[in-house]
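Please model the entire structure based on the sequences and the hints provided.
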Amino acid sequence: MATYDWGFNALGLREWCDAGTSEAPMSMADLLAQTGNAVEEPFYAIPFPSLDALNEACGQITQTRDVVKSLEEGFLAIRPALRTILDPITQPLSWMLDGTLYLFTQAPWFLIMAMLLLVTWYATRSVSVMLFNAFCLSFFAFVDHFEPAMETLAVILVCTVISAIFGIPIGIAMSKSNRLQRMVIPVLDLLQTLPTFVYLIPLIFLFPIGESRLYGIAITLYAIVPIIRLTDLGIRLVDQDVIEAGNAFGMNARQKLSKVELPLALPNIMAGLNQTIMMSLAMVVIASMVTAPGLGVLVLRGIRNLELGVGLMAGICIVLLAVMLDRTSKAALSRIDRAKSKTS
Amino acid sequence: MLKNTPKVKLRGLFKIFGTDDKSVLPHVQNGMSKEELLEKHKHVLGLQSIDVDMQAGEITVVMGLSGSGKSTLIRHLNRLIEPTAGEIVVDGEDVTQLSQADLRTLRQEKMSMVFQKFALLPHRTVQQNAAMSLDVRGMDKETQDTEARKWLERVGLGGYEDHYPSQLSGGMQQRVGIARALTANTDIMLMDEAFSALDPLIRTDMQDLLLELQLELKKTIIFITHDLDEALKLADHLVILKDGAVVQQGEPQGILLNPADPYIEDFVSDINRARVLRIRSITNPLKSKKFAGDVEADDNLESLIALSEGDTALTYRVMSDGEPIGELNMRDLVKALVPRISSTQAA
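As given, the protein sequences belong to chains A and B, one line each in that order.
Oh and the first sequence: position 113 is 113 in this note's numbering, straight run, nothing missing.
Add 344 to a position in the second sequence, counting from 1, and you land on the number used in this note's numbering.
Simulated from the structure, these hints should not be mistaken for laboratory data.
A couple of the hints might just be wrong.
[To be verified] Computed list of lysine-lysine pairs in DSSO-like fashion (alpha-carbon distance at most 27 angstroms, straight line):
#, chain 1, residue 1, chain 2, residue 2
1, A, Lys259, B, Lys679
2, B, Lys366, A, Lys176
3, A, Lys259, A, Lys176
4, B, Lys366, B, Lys384
5, A, Lys256, B, Lys485
6, A, Lys330, A, Lys259
7, B, Lys631, B, Lys577
8, A, Lys259, B, Lys577
9, B, Lys378, B, Lys353
10, A, Lys259, B, Lys494
11, B, Lys384, B, Lys586
12, B, Lys366, B, Lys577
13, B, Lys353, B, Lys562
14, B, Lys494, B, Lys562
15, B, Lys679, B, Lys577
16, B, Lys586, B, Lys378
17, B, Lys366, B, Lys353
18, B, Lys366, B, Lys461
19, B, Lys386, B, Lys366
20, A, Lys176, B, Lys461
21, B, Lys562, B, Lys577
22, B, Lys586, B, Lys461
23, A, Lys256, B, Lys461
24, A, Lys256, B, Lys494
Next up, the structure:
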């Protein structure tokens, strides 16, 4: 006798329920119940009317395991269609990631160091940031973590560039249309609040493990949010008086964007870029679970095999890398602030 | 006075702010007040039934307190704000009928604007800011530079070309704003409270600069202000707005001597009449034979009081272009200095 029998009896559905009693394998609970030792249950043990509990009372109700199965089957059914569309679109991402990884791992260390320091100088014009970066890079090399660190950096670089390429235009479009903004913001909220593991699951099914775009997409989806948000915000915050002046002198929409809105929103967009870089770094560590190379792999090894030292050393390198990226992008941002937004 | 067709002509201009402005327009045309409209239909009355002619080469000053609709009015001329009803005719062409592309051409080539808060581009140098209008039109770099340099020099900013706006004081920033408008080389200049954000001394400097430029350039200037002294100093034609409607317009001296309603009397009662009124405005026909001396018709009363050393018994002959045009007794002058207040007379 199941808990909710009375409900179906009262509704006069008993006959319909029993008609379809399936021959499906019994659950563990059923087997236990059949052993005969039916104990009088206390009243507070009454189960929630879940699918499984209702199924006990009426065979016509599906069990939760069937729902889970049909979710999986549904997903597998649309997978070929999704892959036909997504495969060619995302293929360039794999090439970019593989190419950059190849460049960062195969080029001689002194060349990469020189190149990175040059980029630092160009972006920040700050001696202290450059010295700090030189120290970090030397530290990575000194403790023989240079290659994984460079792999991580390469992945971050590619994902940040992709995020900027897509994120800035989306942000601009959002700032121009309140309707689009209302539609995109829930998506951004979703991307930001979903636990990062959760969107690894569908991605694993969509793309073969071992292809670099798998983690590329996971990282980009996570990291693209701040740059979209801050581009939108930055353009919306541009001084309306200056935009009016643009209108009064007959600027068209394109001129207003390139001559007024983007330059004045640049500090905000750069702040978004800084956040995007930091979030890529956070995600590239987690994405090592789906074959993202770099320092994350060492952290994962530390966790899996309880190799404390390996994990800690990789952790220290990640922290240094994070500080490095943050300092550099912040210094670049403040340089732009100083040069560009000399507002009164 | 209206011998030639006006450069800018406003006819029956209405502006109602709200989502459904066209449908509440008839109420306003039937005389519904601003308060009633807001209460019953949740629409804000911006402008009502504006008819103004702005002559070429003159400074038309639109004056009113905040909320009177003066900034709304000036933004209708280049359609930064769309009118609810009415005509805006510039050089015989109805601006309200223009397509977006034609409207941009009009803004680029016929009208330039100077803003209260300067509205300069903070990331561009002074020279690039001044050249903005030419840059928008797609002129070559060389023309941009020479034109911008010329006008910056003209407004007294030679040597500041490579500074950024934030490095300049408010007065200098507004000079850049004026240079930007002049570089556009348009017939019409719209000035929206252009000097209101500046301190009094700088403001006087800027007014003098504008009058000096105007003497030479003869632009059609539409100037918005809430300051009566400024309005009287600059205006060839003065329009006084209240609650979105024109309460009086005409030659400023005429408004000062014959205010049309208590609102304007209130306005004019506080100013220094001796400095603003010109001798011409209170000249009587020639009667006397003996004069204490000759005075110029365009001098203000203050200078005449100084000349007479306060002696009210004297009579002066008023000259204009070397011809006598009338006489002025000092007693009439003193009478003209007393503001006419209808409310106190009635009491």
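Check the hint pairing lysine 353(B) with lysine 562(B) against an upper bound of 27 angstroms on the C-alpha distance.
holds (18 angstroms)
Just to be careful, I want the Cα atoms of lysine 586(B) and lysine 378(B) compared with a cutoff of 27 angstroms; is the pair within it?
holds (11 angstroms)
Regarding the pair lysine 562(B) and lysine 577(B), is the alpha-carbon distance no greater than 27 angstroms?
It holds: about 16 angstroms lies between the C-alpha atoms, which stays within 27 angstroms.
Between lysine 494(B) and lysine 562(B), does the CA-CA distance stay at or below 27 angstroms?
holds (18 angstroms)
Is it true that the CA of lysine 586(B) sits at most 27 angstroms from the CA of lysine 461(B)?
holds (23 angstroms)
Holds or violated: lysine 330(A) to lysine 259(A), with C-alpha atoms at most 27 angstroms apart:
Holds, at about 24 angstroms.
Holds or violated: lysine 259(A) and lysine 679(B), Cα atoms, limit 27 angstroms.
violated (58 angstroms)
Are the Cα positions of lysine 366(B) and lysine 176(A) separated by 27 angstroms at most?
holds (26 angstroms)
Given the hint that lysine 256(A) pairs with lysine 494(B), test it: the Cα-Cα distance must not exceed 27 angstroms.
Holds, because 26 angstroms separates the two Cα atoms, which is no more than 27 angstroms.
Restraint check for lysine 679(B) with lysine 577(B), where alpha carbons must lie at most 27 angstroms apart:
holds (22 angstroms)
Does lysine 256(A) pair with lysine 485(B) here, judged by a C-alpha cut-off of 27 angstroms?
holds (19 angstroms)
Given the hint that lysine 366(B) pairs with lysine 384(B), test it: the Cα-Cα distance must not exceed 27 angstroms.
Holds - the C-alpha atoms of lysine 384(B) and lysine 366(B) are around 15 angstroms apart, at most 27 angstroms.
Against the hints set out earlier in the document, violations occur for numbers 1, 7, 8, 12 and 18.
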